[in-house]
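From first to last, the protein sequence lines are chains A and B. 13 is the number of the first residue of the first sequence in the numbering used here; add one for each residue after it. 193 is the number of the first residue of the second sequence in the numbering used here; add one for each residue after it.
Be aware that one or more of the hints could be misleading.
[What the hints assert, rightly or not] Listed below are several chain A residues computed to face chain B (Cβ distance under 8 Å; list not exhaustive):
1. Y24
2. M28
3. K69
4. N71
5. Y113
6. N117
7. E120
8. Q122
[As the list claims (entries may be wrong)] Below, in silico cross-link-like pairs of lysine to aspartate or glutamate (DMTMM-like), each with a Cα-Cα straight-line distance of 20 Å or less:
9. B:K643 x A:D103
10. B:K642 x B:D613
11. B:K638 x A:D103
12. B:K657 x A:E74
13. B:K569 x A:E120
14. A:K57 x A:D45
15. B:K690 x A:E99
16. B:K657 x A:E118
[As the list claims (entries may be wrong)] Residues on chain A that point at chain B, a partial pick, calculated with CB under 7 Å:
17. D22
18. E23
19. Y35
20. V47
21. K51
22. N95
23. P121
Hints listed in this document are in silico derivations from the structure and should not be mistaken for laboratory results. All C-beta atoms in this analysis are idealised placements derived from N, C-alpha and C, irrespective of residue type, glycine included.
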Amino acid sequence: MKKVLLVEDDEYMLRMYQKLFTYGGFAVTAATDGVEGLKKAKEIKPDLIILDVMMPKMNGLELLAKIKKDKTIKHIPTVMLTNLSMEKEIDDALTHGASLYIIKNEHEPQKVFEMVKDLV
Amino acid sequence: VSLKNKFSLLIVFIVFSILLVVCSVLAYRSISGLETDLREKDTLISENLLPKLLGDLGDYYTYQYQRYVSSVEKALEENPDITYFRIINAQNEVIFETSEIKEGKTSGNPPKKIDDPKIKEVIQTKQPYQDIIVVDNERYIRVIAPYIDNFDVFRNLIEFHFSLKAVEKAIGEIVLFFLIFLVAFTIIGLTVAAFFSGLITKPLTELTAVASKIAGGDLSQKANILTSDEVGSLAGAFNQMVTTLKQKIDQLHYEHIKLEASINSLSVGFIMVDRNNNIMTINHAARQTLCASADSPLATLKDCTLTHIEDELQGVVNLRAFINQCFEQKKAITIREVKFQNRYMKIFITPIVTIGVIGAVILIDDITEAKVMERAKEEFFSIASHELRTPLTAIRGNTSMIQQFYSDKITDPELKEMIGDIHESSIRLIAIVNDFLDTSRLEMGKMEFKKEQFDVVKVAENTIKEYMTTGSMKKLYLKLEPPAAPLSPVLGDQNKLKQVMVNIVGNAIKFTETGGITVKFASYDKFIKIFIVDTGRGISKESQNLLFRKFQQAQDNILTRDTTKGTGLGLYISRLIMNGMGGQIKIESSELGKGTTFSISIPVAIAEPPTTTTQTQQGAIVPPAVPPAAPQPANPIKTSDTT
Chain A
13 MKKVLLVEDD
23 EYMLRMYQKL
33 FTYGGFAVTA
43 ATDGVEGLKK
53 AKEIKPDLII
63 LDVMMPKMNG
73 LELLAKIKKD
83 KTIKHIPTVM
93 LTNLSMEKEI
103 DDALTHGASL
113 YIIKNEHEPQ
123 KVFEMVKDLV
Chain B
193 VSLKNKFSLL
203 IVFIVFSILL
213 VVCSVLAYRS
223 ISGLETDLRE
233 KDTLISENLL
243 PKLLGDLGDY
253 YTYQYQRYVS
263 SVEKALEENP
273 DITYFRIINA
283 QNEVIFETSE
293 IKEGKTSGNP
303 PKKIDDPKIK
313 EVIQTKQPYQ
323 DIIVVDNERY
333 IRVIAPYIDN
343 FDVFRNLIEF
353 HFSLKAVEKA
363 IGEIVLFFLI
373 FLVAFTIIGL
383 TVAAFFSGLI
393 TKPLTELTAV
403 ASKIAGGDLS
413 QKANILTSDE
423 VGSLAGAFNQ
433 MVTTLKQKID
443 QLHYEHIKLE
453 ASINSLSVGF
463 IMVDRNNNIM
473 TINHAARQTL
483 CASADSPLAT
493 LKDCTLTHIE
503 DELQGVVNLR
513 AFINQCFEQK
523 KAITIREVKF
533 QNRYMKIFIT
543 PIVTIGVIGA
553 VILIDDITEA
563 KVMERAKEEF
573 FSIASHELRT
583 PLTAIRGNTS
593 MIQQFYSDKI
603 TDPELKEMIG
613 DIHESSIRLI
623 AIVNDFLDTS
633 RLEMGKMEFK
643 KEQFDVVKVA
653 ENTIKEYMTT
663 GSMKKLYLKL
673 EPPAAPLSPV
683 LGDQNKLKQV
693 MVNIVGNAIK
703 FTETGGITVK
713 FASYDKFIKI
723 FIVDTGRGIS
733 KESQNLLFRK
743 FQQAQDNILT
753 RDTTKGTGLG
763 LYISRLIMNG
773 MGGQIKIESS
783 ELGKGTTFSI
793 SIPVAIAEPP
803 TTTTQTQQGA
813 IVPPAVPPAA
823 PQPANPIKTS
833 DTT
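Generate the whole structure from the sequences, applying the supplied hints.
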């Protein structure tokens, strides 16, 4: 079973995407801030990492940068899933090695799943 | 007494003095002449004394010696000026002289021979002779005269000496008197002249002294001159002038204080410098910001020079350089944002220009509050964006997942409908939030536009593709008329153009009941135009004017507005986006009941710098002849959100 790490601080959002990926046949691990996210990414070495941007302790862009600097996990496809739609954040994320930048409110969950499942 | 009269008096006095001096000189001269007169004419001696003496003493009798001596003594008594007398006979022998008298003799001395050329001369000529001799430093008139008796016989001659001592003494006294008189008069004259000139010059001197004090800045001085002459009037006028001057200066001072108070009360920092960068004025606000050490009531301008301020602004901004630049260019300079000690300042430097530049005014505006507000506003939208969208996304996502994964479990049609309504409402809410955010970003100029080259036909095709389902549900055709020749790529933000296209095409579908929508293209020199032609309701002229405004919909009454259809921001956003890309959106034509044609212009990508595109869209676009819309029923267009 493929492993996905969801880093998301909003509990409703987290639960929703947890269900989505569970229904899609993934083993879901959740983290609610950037620091925890980095820790779990190193522990479980998931097949896919989904990151929110605005989060406490360490934001998604910082976490992305850290993941992409860590030799053990930098190969893992990482997707930004956020409601921030400013060009700056999008550009930042893509230059730091994000595989996809998805704006949550623009897509239904099933569509999001369709977009990321092929990365694994 | 007027000054004129004083002058007249003075002149009269001077003339008088001169006359007196002339008189004195003349008098002296006449006195000097007296001696000469005595000497030369001596009528006294030759006409009176001599005949008398000759008559009394000329006949000398030896036997009557004592009688003769007494006659001589008597004559000498009567004429005390005669100091010497003698008688000489024709043989040049002295037969009597006054020196004998003292001896009390009874007979004369024997004749004594003398050898005097003058006496010889008189014996010969028998004419009286007179001259002046000096004996022991005293002058005498010597008279030698022959005595000729009644029978015309020369008997002897007499010689006497007439002392001039008394005459000379008298003359000396007169001369002395005149000299004393002259000196005294000169002294008196000078004193009087000095007094008169003093009368004139003293008030003038005083006035000069007062004027100097006033020039020195002491305006409390007054000329205390109470004379009624011209100087008095001058002093009066002078005092009046001083009073007026004092009033004017007080007024100026008052104005200065008012101005200073105004400047000091300004919340904007105010500094005035002269051409040499010396600070002339600095107000409280500027001191507080730039010269905190000198911000006390006792601080003087020396405590806060431009150098102090420069030290304070070290590494922040080179104020002096900007001021000098302002002097050189004679133009105001604005330094938009200076970050200094956690505060943001805007600095204006304006030259003070009269004939040349004489200085500059520097205004320091603390814009920290404005910056904080601006940032707060930006942050508000950013946070609102996230905070509103996140729960909305959760609602929509969950309803969507319910509909997909649990549709078999929801058998109750009403429950199914309720879930569907929640889902649709959340979709609309997200669209509204997105519209609001787009609007605020566009209005604040925070929307970023990419400068990419792309093909508008592809964007149009994608838009049509998205609406295929919706269109077919309403049984409307969605056509794209490909351009005859390939179009030049345009320059702009592809996604945003798509957003505009989606909005316009979506509106067109919404307000078209029969017929359909056609998308066409036209290529121009500097831009490409996309036409969206519908066969809908059409828009009235009045509504067309309002269509692209904020919160406007194509209905006149706000109460009849179809609030279920959107925010009224869609076309407003479209217009802002197109303007931001250097393009344009407008209604080409619209006819009620027949349909509407929208056009979107977008600049083509040419080798020109992208900045010119704005000018192009504003200056160069001329509405072309509109291709006739398909003769199909039209419907009115209403603004709506993009989804």
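Consistency of the hints with the structure:
1. Restraint check, Y24 (chain A) versus chain B: the minimum CB separation of about 4 Å is within 8 Å; hint holds.
2. A hinted interface residue such as M28 (chain A) counts as satisfied when its beta carbon comes closer than 8 Å to some beta carbon of chain B; here the least separation is about 5 Å, so the hint holds.
3. Taken as an interface hint, K69 (chain A) does not check out: its beta carbon lies about 17 Å from the nearest beta carbon of chain B, beyond 8 Å.
4. The beta carbon of N71 (chain A) comes no nearer than 12 Å to any beta carbon in chain B, farther than 8 Å, and the hint placing it at the interface is violated.
5. With a least beta-carbon distance of about 13 Å to chain B, the hint placing Y113 (chain A) at the interface is violated under the 8 Å criterion.
6. For the restraint placing N117 (chain A) at the interface with chain B, the shortest Cβ-Cβ distance is roughly 5 Å, inside the 8 Å limit, so the hint holds.
7. Checking E120 (chain A) against chain B: minimum C-beta separation of about 4 Å stays under 8 Å; hint holds.
8. Here the hint on Q122 (chain A) is kept, as its CB sits about 6 Å from the closest CB of chain B, short of 8 Å.
9. Of the pairs offered as hints, the one joining K643 (chain B) and D103 (chain A) holds, with about 14 Å between alpha carbons and a cut-off of 20 Å not exceeded.
10. Restraint check: the Cα-Cα separation between K642 (chain B) and D613 (chain B) comes to about 37 Å, which exceeds 20 Å; the hinted pair is violated.
11. Between the alpha carbons of K638 (chain B) and D103 (chain A) the distance comes to roughly 16 Å, so the proposed pair stays at or under 20 Å and holds.
12. Pair hint K657 (chain B) plus E74 (chain A) does not hold up; C-alpha atoms about 38 Å apart against a cutoff of 20 Å.
13. With a C-alpha separation of about 30 Å, the suggested pairing of K569 (chain B) with E120 (chain A) is violated against the 20 Å cut-off.
14. Distance hint between K57 (chain A) and D45 (chain A) is fulfilled; the C-alpha atoms sit about 17 Å from each other, no more than 20 Å.
15. Note on K690 (chain B) and E99 (chain A): the hinted pairing holds, with a Cα-Cα distance of about 16 Å set against a maximum of 20 Å.
16. The hinted pair formed by K657 (chain B) and E118 (chain A) meets the criterion: a straight-line CA distance of about 18 Å does not exceed 20 Å.
17. Restraint check, D22 (chain A) versus chain B: the minimum CB separation of about 5 Å is within 7 Å; hint holds.
18. Because the smallest distance between the Cβ of E23 (chain A) and any Cβ of chain B comes to about 9 Å, over 7 Å, the interface hint for this residue is violated.
19. With its C-beta approaching chain B no nearer than about 6 Å, Y35 (chain A) sits inside the 7 Å limit, and its interface hint holds.
20. Nearest Cβ of chain B to the Cβ of V47 (chain A): about 20 Å, over the 7 Å cut. The hint is violated.
21. The interface hint given for K51 (chain A) is violated, since its Cβ lies 24 Å from the closest Cβ of chain B, which is over the 7 Å cut-off.
22. With a cut of 7 Å, the hint placing N95 (chain A) at the interface with chain B holds, because the nearest CB-to-CB distance is about 4 Å.
23. Restraint check, P121 (chain A) versus chain B: the minimum CB separation of about 4 Å is within 7 Å; hint holds.
Hint compliance for this structure: hints 3, 4, 5, 10, 12, 13, 18, 20, 21 are not met, and every other hint is.
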